[in-house]
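A.B. asks: Here is what each chain is made of, one letter per residue.
Number of protein chains: 2
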Amino acid sequence: MQVCFFAVSGVLEKEDAIAHIKRSIEKTYRKKGDEIVQMNLNAVDQTLENLHEVNVQTTLHTPHPTPSIKPPVADTAPPFVREVLGKMIAGCGDRLPVSALPVDGTYPTGTAKYEKRNIAQEIPVWDTDVCVQCGKCVMVCPHSVIRSKVYDVEALETAPETFKHTNARDHDWQGLKFTIQVAVEDCTGCGICVDVCPAKNKSQPRLKAINMNPQPPLRESERSNWDFFLDLPNPDRPSLNLHKISQQQMQEPLFEFSGACAGCGETPYLKLVSQLFGDRALIANATGCSSIYGGNLPTTPWTHNAEGRGPAWSNSLFEDNAEFGLGFRVSIDKQREFASELLQQLASELGEELVNAILNATQHDEADIYEQRDRVALLKEGIQTLLEQISDNTLKSKIQNLKSLADLFVKKSVWIIGGDGWAYDIGFGGLDHVLASGRNVNVLVLDTEVYSNTGGQMSKSTPRGAVAKFAAGGKPAPKKDLGLIAMTYGNVYVASVAMGARDEHTLKAFLEAEAYDGPSLIIAYSHCIAHGIDMSTAMQNQKAAVDSGRWLLYRYHPDRRQQGANPLQLDSHAPKIPLERSMYLENRFKMLTKSQPEAAKRLLEEAQQDVNTRWQMYQYLAARPTQTARED
Amino acid sequence: MQVCFFAVSGVLEKEDAIAHIKRSIEKTYRKKGDEIVQMNLNAVDQTLENLHEVNVQTTLHTPHPTPSIKPPVADTAPPFVREVLGKMIAGCGDRLPVSALPVDGTYPTGTAKYEKRNIAQEIPVWDTDVCVQCGKCVMVCPHSVIRSKVYDVEALETAPETFKHTNARDHDWQGLKFTIQVAVEDCTGCGICVDVCPAKNKSQPRLKAINMNPQPPLRESERSNWDFFLDLPNPDRPSLNLHKISQQQMQEPLFEFSGACAGCGETPYLKLVSQLFGDRALIANATGCSSIYGGNLPTTPWTHNAEGRGPAWSNSLFEDNAEFGLGFRVSIDKQREFASELLQQLASELGEELVNAILNATQHDEADIYEQRDRVALLKEGIQTLLEQISDNTLKSKIQNLKSLADLFVKKSVWIIGGDGWAYDIGFGGLDHVLASGRNVNVLVLDTEVYSNTGGQMSKSTPRGAVAKFAAGGKPAPKKDLGLIAMTYGNVYVASVAMGARDEHTLKAFLEAEAYDGPSLIIAYSHCIAHGIDMSTAMQNQKAAVDSGRWLLYRYHPDRRQQGANPLQLDSHAPKIPLERSMYLENRFKMLTKSQPEAAKRLLEEAQQDVNTRWQMYQYLAARPTQTARED
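Here the protein sequences line up with chains A and B, keeping their order.
Numbered per my numbering, the first sequence spans residues 90 to 721.
Numbered per my numbering, the second sequence spans residues 90 to 721.
None of these hints come from the bench; they were simulated from the model.
One thing to keep in mind: the hints can contain errors.
Since the list gives no way to pick out one identical chain from another, each pair is judged satisfied if it fits inside one copy or across any two copies.
[What the hints assert, rightly or not] Straight-line C-alpha distance at most 30 Å; calculated DSS-like pairs for lysine-lysine:
| hint | residue 1 | residue 2 |
| --- | --- | --- |
| 1 | 266 | 558 |
| 2 | 690 | 116 |
| 3 | 558 | 423 |
| 4 | 558 | 632 |
| 5 | 683 | 423 |
| 6 | 423 | 120 |
| 7 | 690 | 423 |
| 8 | 558 | 291 |
Note that this is a predicted model, so its numbers are computed, not measured.
Taking the hints into account, I'd like the entire structure generated from these sequences.
C.D. replies: As structure tokens, this is what we get:
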């Protein structure tokens, strides 16, 4: 805009003005490196090349809203979405009466899908022949726009002409059809899916099983294909092998189309939580990026399945989110306790066998949970029948209470989620208190190593040598070892994961953390635009972080001690590339070599030393001989 | 009072009323054990035995204050103490005008000595012949009422007749006289000094070198002896061997006569800080017992030496005290930086040699610091001369600034102090942040393992199995390992000490922590009335805690890594008594065996398991092979 202004306004001589702008760019961005300077200079030149006159009609008389503009949400959306959220999307939120808004601030979930943003210029396009059906593209997609399904061939009878499919390769799915479908209107075009695709097109080595192509020509056809795809049946959850990504990624995501940056490194972890546990999850979300893209008005990306089950989500403050989430756990446990008392008191009326089955259900896996859901459905039927038969008011009141609490018999999954600013810094005192409580909560730290949402300030998670606000000369101290701190408790499950480095390890950690009957902490490496990286290849940055030893993969499982094993399992290999090869892929580190080369050199040496020290220490800890529970 | 009331009022039949009271006692204290019940029953019986009529005159006409009652503070006290604090002591604080109080809330220190409470029925009496002059009684005294001095024999010329002395035994003090003197009017009679006295009176095995005797007969003579003792010269600080308790304890305490409980386990550590570093210390004190007895109106126990040097002390909140203390450090460093700039700018006027000596002074030990104080005195003289000679206003203003900052050239010692409620719980987030800052602050945690001042609530420091508020059934989780958490940073000096178990270890840790140029954390086991123990033998409880492995002694010194050594040094021996022998010395554990014997048994087993696990883990950590700094 500045370039255009000085090119046409005549305030200064055009050439003179442009030269000033370019000098200013050189001065401002010099410390970020020549590459950044050149990109900005190119932007000026390209602006000038594309500057052209737009003829504006002198009068404009159209009713509001303009009939030629499509409504902000589809006509098929529910009334609240059309009449309230749609108005906000159209920028007319201030015309809404107060009475249009939910009285208690509770918003319906699953509304992001009605806001078709169409922001991607290019979208991934699936090549049925090259695809190995590994599910990696589905797993990494930050906006849940790539999905896969397997289904009977009969389902294809009503398929649109352009709908793609092939034979399922998995032995478990012999005879079924397989499709990868993209929601092209929701895609941001980040290209991460293409980057992680391991398949090679042998005839055209430049191509993979999924490749970027312009969106506009495909928009209409893919819209129909997406709608058709959504109507295909979802797989039978209890029969999926959740340890295989290709099967696990068939689980319906209950977090989709968020407002996160294109290529976001955090959202794939949230999507994973939503797939695995979303239909029985409660989520306490700390202030930060995830509270913004996870709960930004007017729409919300958290959603529910066809049965109406999905995460209950709420945001709390930086300084109390862990405690907030612990409150979920405490209240669930208390309500479940009360429900159990009522159930025992009403056992003869409701049937001893059903009551005992409900109270003693193990609920270790999906199949168990499905069985318990069936029992609770039976219980609710029994309650309804009883309510119609009984006139005693005391008894009736007990049964009413049980009715309102019956869903508590299905195991709930409590998640406490936030970024490193929350977990390492402002909310750390509370996080520590919650971990020390011994209660069954799952803490997920989306670790971008910097305050991303608030503007790039250093946190205690920021690695040594990274440039951030309050660390303009590179952070002088090493990254705080939050995982090691949590391990000092002994009864906290702790995992450090990086999806881009080892996706199956990430999946395993999430499954173990949730299954562990105590506090769990997952620290998830999350690349971020604040790192100064190419977001389309950001999963490679994750891999480099692990390959250099800057990020360790491990799982500390307290239950292993009972089996006479060391609870700490180091899942990384020894560092195989020098730290600088990982660090200098990222401008947050590289820029210091321009602005303060001497400091950069010293900090790199110290950071390499940190990595060596930490690796050796973790090796030593993980090598501790196994002991029996009694002796340990 | 209740017993007296029902014995004389006739509201109920006396025998009936007393029987009810006794039944109530049995019910209330049953869970604390038979011993406690019996003690309370005895109190009832003894009350009845000692109940006698007091004849009250029907009229009472005396002016206020009663002339026969001594003034609350001595006439020799400074005017502010007499006229303001004295009024408060007399209970007439509400008659003071607002203008009598300090405008900014700053109170003079060293005022507790004017409040002679005379609360001890028995006081320690020194036996010159039996004493080995070890200094232990001086070290453990919670109220700094036992002191020792060595001095030339000439000083005895004006000594009161009853003043005791003997020949100094230390080789460094050949030819000098030695005295241990008690401030009998300030003593609380706790008897801890007698308990720790290692000397035996061979002729009367029941007696030691210090023994309890009734106070009243000795009050007058010992008052004179105390005053005479105070006037004896203090030892030359720089020439004391601070690694020997007998010599170190000659340092003047700058914390005395506090309002802490008789036998307090916290105050000996505070006194030690005041002796070692008090003349250049700034103390940030978290809410808790130490903020109450350390800063209770009307008087304050923090004091200053004859040169007017003593700790600057302030109290801050549970939730921000670490940050509050860090602020001291940051402002000192900034002011010192500014002072250094000014000094360099004025070098030619003030003399290059002096300026360089001041700027490059090492200040590693007492002797260094005394030399620097001398240099600063010279500097101040130079500044004064300059100010009188110079008329240039810019220069004058610089010199004025330097004058106000000159004292900053003497190394300051920043202490951040609080209890476990602060350090493990409410202030932990801030404490972690301060430790992570890498700045040179010293954190002292007075660990009573329970919220002592606020009424005995469980903290994360409370050990498994201890009964506390919110843990009526015994704390189900193990004690949080704060030291291990701090060690994860690698650059934090961490020590775990227990004066009653190994006093020289405590002394060494305090010296190392303060000398370390970075953050230091000392976790100090502090016995407490809340433990349900005999306070006169409480140092034995400390020893038992260490002997059983329930409390470890260790020092983690980051600098050891540079010497190729393991930074962690485990200073405890392997547990040599079963945990229950330590736990069941204390009613906080024992009472559970009465109220919930099954739970007590299970918790004891688990707690023993905790001890074993922790001991083995620390052994493993401390056994890590030494490495060079480059490889480590």
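A.B. asks: Compare the structure with each hint and give your call.
C.D. replies: Right, here's what the structure says about each hint:
{"no.": "1", "hint": "266 / 558", "result": "neither (51 Å within a copy, 62 Å between copies)"}
{"no.": "2", "hint": "690 / 116", "result": "within (23 Å within a copy, 72 Å between copies)"}
{"no.": "3", "hint": "558 / 423", "result": "between (44 Å within a copy, 20 Å between copies)"}
{"no.": "4", "hint": "558 / 632", "result": "within (26 Å within a copy, 49 Å between copies)"}
{"no.": "5", "hint": "683 / 423", "result": "between (58 Å within a copy, 28 Å between copies)"}
{"no.": "6", "hint": "423 / 120", "result": "between (56 Å within a copy, 27 Å between copies)"}
{"no.": "7", "hint": "690 / 423", "result": "between (56 Å within a copy, 27 Å between copies)"}
{"no.": "8", "hint": "558 / 291", "result": "neither (47 Å within a copy, 71 Å between copies)"}
Checked against the numbered hints given earlier, this structure breaks hints 1 and 8; the rest are met.
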